[in-house]
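Mature numbering (1 follows the signal peptide of the UniProt record, and there is no 0) puts the sequence shown at residues -24 to -1, 1 to 130.
Please note that a few of the clues may not be correct.
No farther apart than 25 Å at their CA atoms in a straight line, the calculated lysine-lysine pairs in the DSS-like style are these [stated by the list, open to error]: (1) Lys66 - Lys25; (2) Lys25 - Lys124; (3) Lys66 - Lys26.
If you anchor each label on the Cβ, the simulated ranges turn out as follows [stated by the list, open to error]: (4) Glu31 - Gln81: 30 to 38 Å; (5) Ser44 - Gly101: 16 to 24 Å; (6) Gly101 - Ser68: 15 to 23 Å.
Hints are computed from structural coordinates only; laboratory data are not their basis.
Using N, Cα and C, we set each Cβ at its ideal position, and we do this for glycine too.
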Amino acid sequence: MKRLFARAVVAAGLVLAIATPSMAEEAARVAYQGSVQTSIPAGVTVIVKKITVGEDATVVSLVASFDSRQTNRVNLNDINAFLDIGGDQKLSLRQPEDNPYLIIQNGQSMDGELVFPGRLPADAGEVRLVFNNGNAGDDLNAPGLTLKIPVKAQ
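With the hints as extra help, turn the sequences into a complete structure.
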């Protein structure tokens, strides 16, 4: 993708900045399409629907939901989120302007696209989407979460 333009989407009262690809969208390749999900004890469920690799960024389409009786919200980006692409390389999240900490209120969901500047290696077979690296999954403020996603090598 030559350029990514940010726009906001309101999903269940939550604003999440997403990327809208420019006209170069046709040059983007879909590295994953399906439904990989994980949930953690803090009450967060993340479903990755698609990963698209453009000229200068990788875009992850996902839904993240939070439901708990123990706290009112969680922060998925207290420790910078990243895509682990193997070979000791990471693509860091471009923080959404309207919700840089990826805060989800109890009973709400974020549905949108997260932008990671950079490309997946052509021979990648799997990536890991990591939120709050090193934190426990039952952390009620900033729970750690890792999701392994198979991707198509190109």
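Here is what the structure says about each hint:
no.: 1; hint: Lys66 - Lys25; in the structure: 20 Å, holds
no.: 2; hint: Lys25 - Lys124; in the structure: 13 Å, holds
no.: 3; hint: Lys66 - Lys26; in the structure: 18 Å, holds
no.: 4; hint: Glu31 - Gln81: 30 to 38 Å; in the structure: 35 Å, holds
no.: 5; hint: Ser44 - Gly101: 16 to 24 Å; in the structure: 34 Å, violated
no.: 6; hint: Gly101 - Ser68: 15 to 23 Å; in the structure: 21 Å, holds
Checked against the numbered hints given earlier, the structure breaks only hint 5 and satisfies all the rest.
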